[in-house]
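Colleague: Chains as they are written, first to last, in this note's numbering: chain A, 1 to 371; chain B, 1 to 371.
Among the clues, some could well be false.
[Said to hold, decoys possible] Below, a sample of chain A positions facing chain B; criterion: calculated Cβ distance under 7 Å:
#	residue
1	79
2	82
3	86
4	108
5	109
6	110
7	114
8	275
9	302
10	304
11	306
[What the hints assert, rightly or not] In the SDA-like style, the derived pairs of lysine to any residue whose C-alpha atoms are separated by at most 20 Å in a straight line are:
#	chain 1	residue 1	chain 2	residue 2
12	A	225	A	208
13	A	103	B	294
14	B	86	A	268
15	A	173	A	189
16	A	86	B	263
17	B	78	A	4
18	B	78	A	275
19	B	86	A	280
20	A	225	A	211
21	A	4	A	43
22	A	7	A	18
23	B	4	B	110
24	A	86	B	86
25	B	103	A	274
26	A	78	B	298
No lab work stands behind these hints: they were computed from the structure.
Fair warning: this is a prediction, and the values are worked out from it, not measured in the lab.
Note that the Cβ used here is the ideal one computed from N, Cα and C, for glycine as well.
2 protein chains.
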Amino acid sequence: MHFKVAKKQLLDGLNIVSRAVSLNSPLPSLHGILLVVKEDYIQLTASDLDISIQVKIVNSEDSKLEVAETGDIILDSKYILDMIRKIDSDEVEVEIIDGLLTKISGASVNFEINGIKAENYPLIDFSKPDNTFYLKSDELKELISQTCFATSDKETRPVLTGLNLKAENGEMKCVATDSYRLAQKIMYMEDNDSFNITIPAKSLNEVAKVLNNDEEIEISISDKKVLFSMENVLIQTRLIEGSYPETSRLIPQNFNYELVVDARDILSAIDRASFIKNEGVSIIKMDISASEIVITSRSSEVGSVETITPVSYVGDNLSISFKGQYVYEAIRALNAFQIKIQFGGEMKPFIIKSVDNDEVLQLVLPIRTYA
Amino acid sequence: MHFKVAKKQLLDGLNIVSRAVSLNSPLPSLHGILLVVKEDYIQLTASDLDISIQVKIVNSEDSKLEVAETGDIILDSKYILDMIRKIDSDEVEVEIIDGLLTKISGASVNFEINGIKAENYPLIDFSKPDNTFYLKSDELKELISQTCFATSDKETRPVLTGLNLKAENGEMKCVATDSYRLAQKIMYMEDNDSFNITIPAKSLNEVAKVLNNDEEIEISISDKKVLFSMENVLIQTRLIEGSYPETSRLIPQNFNYELVVDARDILSAIDRASFIKNEGVSIIKMDISASEIVITSRSSEVGSVETITPVSYVGDNLSISFKGQYVYEAIRALNAFQIKIQFGGEMKPFIIKSVDNDEVLQLVLPIRTYA
Numbered sequence: 001m002h003f004k005v006a007k008k009q010l011l012d013g014l015n016i017v018s019r020a021v022s023l024n025s026p027l028p029s030l031h032g033i034l035l036v037v038k039e040d041y042i043q044l045t046a047s048d049l050d051i052s053i054q055v056k057i058v059n060s061e062d063s064k065l066e067v068a069e070t071g072d073i074i075l076d077s078k079y080i081l082d083m084i085r086k087i088d089s090d091e092v093e094v095e096i097i098d099g100l101l102t103k104i105s106g107a108s109v110n111f112e113i114n115g116i117k118a119e120n121y122p123l124i125d126f127s128k129p130d131n132t133f134y135l136k137s138d139e140l141k142e143l144i145s146q147t148c149f150a151t152s153d154k155e156t157r158p159v160l161t162g163l164n165l166k167a168e169n170g171e172m173k174c175v176a177t178d179s180y181r182l183a184q185k186i187m188y189m190e191d192n193d194s195f196n197i198t199i200p201a202k203s204l205n206e207v208a209k210v211l212n213n214d215e216e217i218e219i220s221i222s223d224k225k226v227l228f229s230m231e232n233v234l235i236q237t238r239l240i241e242g243s244y245p246e247t248s249r250l251i252p253q254n255f256n257y258e259l260v261v262d263a264r265d266i267l268s269a270i271d272r273a274s275f276i277k278n279e280g281v282s283i284i285k286m287d288i289s290a291s292e293i294v295i296t297s298r299s300s301e302v303g304s305v306e307t308i309t310p311v312s313y314v315g316d317n318l319s320i321s322f323k324g325q326y327v328y329e330a331i332r333a334l335n336a337f338q339i340k341i342q343f344g345g346e347m348k349p350f351i352i353k354s355v356d357n358d359e360v361l362q363l364v365l366p367i368r369t370y371a
Numbered sequence: 001m002h003f004k005v006a007k008k009q010l011l012d013g014l015n016i017v018s019r020a021v022s023l024n025s026p027l028p029s030l031h032g033i034l035l036v037v038k039e040d041y042i043q044l045t046a047s048d049l050d051i052s053i054q055v056k057i058v059n060s061e062d063s064k065l066e067v068a069e070t071g072d073i074i075l076d077s078k079y080i081l082d083m084i085r086k087i088d089s090d091e092v093e094v095e096i097i098d099g100l101l102t103k104i105s106g107a108s109v110n111f112e113i114n115g116i117k118a119e120n121y122p123l124i125d126f127s128k129p130d131n132t133f134y135l136k137s138d139e140l141k142e143l144i145s146q147t148c149f150a151t152s153d154k155e156t157r158p159v160l161t162g163l164n165l166k167a168e169n170g171e172m173k174c175v176a177t178d179s180y181r182l183a184q185k186i187m188y189m190e191d192n193d194s195f196n197i198t199i200p201a202k203s204l205n206e207v208a209k210v211l212n213n214d215e216e217i218e219i220s221i222s223d224k225k226v227l228f229s230m231e232n233v234l235i236q237t238r239l240i241e242g243s244y245p246e247t248s249r250l251i252p253q254n255f256n257y258e259l260v261v262d263a264r265d266i267l268s269a270i271d272r273a274s275f276i277k278n279e280g281v282s283i284i285k286m287d288i289s290a291s292e293i294v295i296t297s298r299s300s301e302v303g304s305v306e307t308i309t310p311v312s313y314v315g316d317n318l319s320i321s322f323k324g325q326y327v328y329e330a331i332r333a334l335n336a337f338q339i340k341i342q343f344g345g346e347m348k349p350f351i352i353k354s355v356d357n358d359e360v361l362q363l364v365l366p367i368r369t370y371a
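Bound conformation, chain A alone (with noise of 0.2 Å):
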């Protein structure tokens, strides 16, 4: 094995796949990252058997690809990024040199690493699945930020770290909840397909790190797993099983006061209150009439009290308790200019949607205070 290449192209291809490597793997070649050079490209290749990605070189102006000699091995990932961030020119040669003794060559630096027999790793089916469907990354990349953040993180209900995907009639239902809080979003799709999914929100925060702006995602899925294409990365994730809660019954449909706010004045309100907290939780009361929003936090020790303006108010005086995390990351998630809050209640869900748009809903439970 032996090539040269571009410093910038081996090292960014370095970071993305080194996303899956497992330092906890009880296989120490997963440890490592694949590298297979073959005469017109070389692959890296990273998996913790949850996630799995694969990265391809191929020859071209920027990455100035020359191999010398075929070949595969499996490097440390961690010695191995360390060494091409510190060589000290913008190619890099590496060449296996002993058995499997690896040279890594700069301009007046030279870096030795031993490495693992290729054939020591695991075997990654990255084979693409029938049922596929694309998104654009910057969809895409919204669709993970509006939803998974909703997820939860206890495995206690494994289904529920995950973001559900539910296609049928032309529609694609994108719901993430931790029974405290829903976020859901509605995508049209241009197929008819069909099929359930929940993909780990772990994973989907992976693939939104590694998009590309402008890129077209082809995303296929089988009932084990997806398998997301870009033009020389490949990232495939496990499915996490078990039927996903249906979700819509708990959607108020009917509501008795609409609040209309700027997003920014209620988020830097729920902010400024955030640093007051019972047992580690910031609790948020709103007290809302037609004239004004009253946003109250308060502990033991201290309080804050802020007044905002609303846009629009329609129905009786409310208050209102809950947890500003939920409000604040919900309303952000929206990422809109004016938001309408719609409550039944007290003590009843409520729902956060973007004045302008339909598409996405956040739900939140409010809290029972006794002050």
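Once you have looked at the hints, place chain B on chain A.
Modeller: Just chain B now, kept in the frame of chain A:
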């Protein structure tokens, strides 16, 4: 107590004094900041009883201080910093509204916090000792950055956790050592002061963070404490008791080898090899000849070899090993373009200086290796 002041000036003052707050103190009042409001100034004080900081805010165009009522109170440092940071206006109003309940008001937000009676704050004596000398803030900053890194972080010999200042005959010798390396700076004094004190490095590092450019610092010394007086800030720290070791006889005077090299070349080479560690320590070996310096680092899994060119070298070929971090920090502290390293032999301490300047000396002990 009731006053208005510019948010920026109050926040700057709180940020400075909060460096001395000790959240681990058994005295609850020391978790807070003492706020004393007089007719024409306000004063902030914090202390962990080792280091104490006092900031005075007087009326000025910037501070816009307006005192309506004098008074004093202790406010929890974390909460008051959070509140002032989050206030939504350029001016802040602070008022005791009921007993110890203090109200902090911005434009649309009001915070409340329960304080502690000022009389519960321990008496901190900021009186100025007689023995006084002056340094420019830049000189003091440079002294701290060139020496304090070489102090010990172990409490087994407390005196080594401080910087020793010994003044006599118009000269002040400043020494820091952890007994594996040593940093020494000679400064020339206008007065013929004579003292021998050891200041905790931890306190000096806090002093360095607070120093403004182009200020003259008055440094006043007793046998118990040192007080740094700036225009509106006082910092004082206790001294470390015990006699400081006589270090001058540790510094060799005769050398058999002298290397001159570009600081940047050797710093980059050491930095590049620093990810290679044996039991957490990066050991660097240098093989020096008149034509090249070969810098090697090796662990059981990885290795690095880099060749740089000396500016000049006098002496036989030499092979020497050392802790990379020690030499890196020593060279960086010199802040020089070219450095001179003088060796006595493979296992003798070596000395690093700037080629342009004799005032700062860095000494490092080599390490025996079995390679």
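Colleague: Hint by hint, say whether it matches the structure.
Modeller: Structure-based check of each hint:
1. 79: Given a least distance of 5 Å, the restraint on residue 79(A) holds.
2. 82: With a minimum Cβ separation of about 4 Å from chain B (threshold 7 Å), the hint on residue 82(A) holds.
3. 86: holds, 4 Å
4. 108: holds, 5 Å
5. 109: holds, 4 Å
6. 110: Holds, because the Cβ-Cβ distance from residue 110(A) to chain B comes to roughly 5 Å (cut-off 7 Å).
7. 114: holds, 6 Å
8. 275: It holds, given that the least Cβ distance between residue 275(A) and chain B is near 4 Å, below 7 Å.
9. 302: holds, 5 Å
10. 304: holds, 5 Å
11. 306: Holds: closest Cβ of chain B sits about 4 Å from residue 306(A), inside 7 Å.
12. 225(A) <-> 208(A): holds, 17 Å
13. 103(A) <-> 294(B): holds, 17 Å
14. 86(B) <-> 268(A): Given that 20 Å is the threshold and the Cα spacing comes to 9 Å, the pair holds.
15. 173(A) <-> 189(A): holds, 10 Å
16. 86(A) <-> 263(B): Roughly 18 Å separates the two Cα atoms, so the pair holds.
17. 78(B) <-> 4(A): With a Cα-Cα distance of about 54 Å, the restraint between residue 78(B) and residue 4(A) is violated, given a limit of 20 Å.
18. 78(B) <-> 275(A): Status holds; Cα separation ~10 Å.
19. 86(B) <-> 280(A): holds, 19 Å
20. 225(A) <-> 211(A): holds, 19 Å
21. 4(A) <-> 43(A): holds, 14 Å
22. 7(A) <-> 18(A): holds, 16 Å
23. 4(B) <-> 110(B): Status holds; Cα separation ~14 Å.
24. 86(A) <-> 86(B): violated, 41 Å
25. 103(B) <-> 274(A): holds, 18 Å
26. 78(A) <-> 298(B): holds, 16 Å
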